[in-house]
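Position chain B against the provided structure of chain A, taking the given hints into account.
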Amino acid sequence: MTEIFTDLPEIDAETRRRLHARLVAAATEAGVIDVAYRTVDTPVGTLLLATTERGLVRVAYPSEDHAAVLEQLATRVSPRVLRVPARLDLAATELEEYFTGRRQLFDLPLDLQLSQGFRRTVLSHLADIGYGATASYAEIAAAAGNPKAVRAVGSACATNPLPVVVPCHRVVRSDGTTGQYVGGADVKKALLRMEAAA
Amino acid sequence: MSQQPFEAIVTEHGPTVLRVCRAILGPVAADDAWSETFLSALRAYPDLGPDSNVQAWLVTIAHRKAIDQLRSQARWPVPVAVLPEEPSRDGVSGSGETELWTALMELPLKQRQTVAYHYLGGLPYAEVAEILGGTPQAARRAAADGIAALRQTYLKGTVR
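Heads up: the sequence lines are chains A and B, in that order. Taking the numbering used here as reference, the numbering of the first sequence is continuous, increasing by one, and the terminal residue is 198. Taking the numbering used here as reference, the numbering of the second sequence is continuous, increasing by one, and the terminal residue is 160.
So here's chain A without its partners, still in its complex pose (with noise of 0.2 Å):
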């Protein structure tokens, strides 16, 4: 080796930030993000963001850990990832709005192809439990067709690629009790809570 290189500064936070937009510009004007990102935070942690030209396709708690979640979407999805916070503007908007109690409804175009088959069928019917209401495992199993696949609509649930949006939490069990949740079961009774409030 030779000394020559060894006292090189680190590249400053300033030209990294230049070059970045540089080609999240050019990667845009070529049609080439295949997946966007962005964090947003809310009461509920920081929420991570993912679109495809489709819709949203991907939102994810802190708990389910960021780097893994942007890791299965490269496979899922595409590897071509740029974290691209203006492509979901809206969307974070529309989140702060509901975390605020200003909003009750979600009018993003949705991505819904982590999601397959029958448990995709049960998330199309989320939508049809209102802001501040719940409905049981068993009242969708029966909605989306099939009464005794109780246990599938629970994994539908816990499997949900876009909580909060398309709205699981508002999915309880027979007994009343709130049950599982992919953000934690306390960020559920949060969640139910702040829409019974508003």
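If you are wondering where the hints come from, they were derived from the structure by calculation, not from laboratory data. Treat the hints with caution; some may be incorrect.
Now the in silico label distances, taken between C-beta atoms and shown as ranges [claimed, not checked]:
1. A144(B) with D41(A): 19 to 29 Å
2. E3(A) with W76(B): 30 to 40 Å
3. L109(B) with A67(A): 33 to 43 Å
4. R18(A) with P136(B): 57 to 67 Å
5. L109(B) with E29(A): 42 to 52 Å
6. A25(A) with G49(B): 44 to 54 Å
7. S124(A) with V28(B): 51 to 61 Å
8. A67(A) with R64(B): 29 to 39 Å
9. A138(B) with R54(A): 31 to 41 Å
Partner residues are not named here, just some residues of chain B that face chain A (Cβ under 10 Å, in silico) [stated by the list, open to error]:
10. P5
11. V10
12. G14
13. V28
14. D32
15. S35
16. E36
17. L42
18. R43
19. Q55
20. W57
21. D68
22. Q137
23. D145
24. I147
25. L155
By construction, the Cβ of each residue, glycine as well, lies at the ideal position given by its N, Cα and C atoms.
Then chain B, alone, in the frame of chain A:
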């Protein structure tokens, strides 16, 4: 094995590719080559084999983009936005970085390339030779000549 999200590739290898581009083109034109390199890499990324050496792949793309830049500079000479500073000779240097890029610009292209790809890009001489053509021995010699010249120009002017 699955591929990492491209953002992770930019974070991990962005600084290395930038230093390689700066070594070949100087600090101003390097930005263009850097973004061209990563745009091109993003396009091709889904087809990259799972066991590929990502850094070597990126340095190879950066090499081609830098050559494109040098060719268009030769055809359409443009005034540089920032005048390169003379290396300080009084023993008081700033970060030393500007002086280093200036000293590198004074080397013949082949020496600059071998030094950049080996010392900054981290490629073994066999891979440097693959990018540039010629033998690994020739690449090693060119880099050694380049380093010797840098000792004369760059290190002489600075206190170590």
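Numbered hints the structure breaks, given as an ascending list:
Of the numbered hints, 1, 4, 5, 6, 9, 13, 19, 20, 21, 22 and 23 do not hold.
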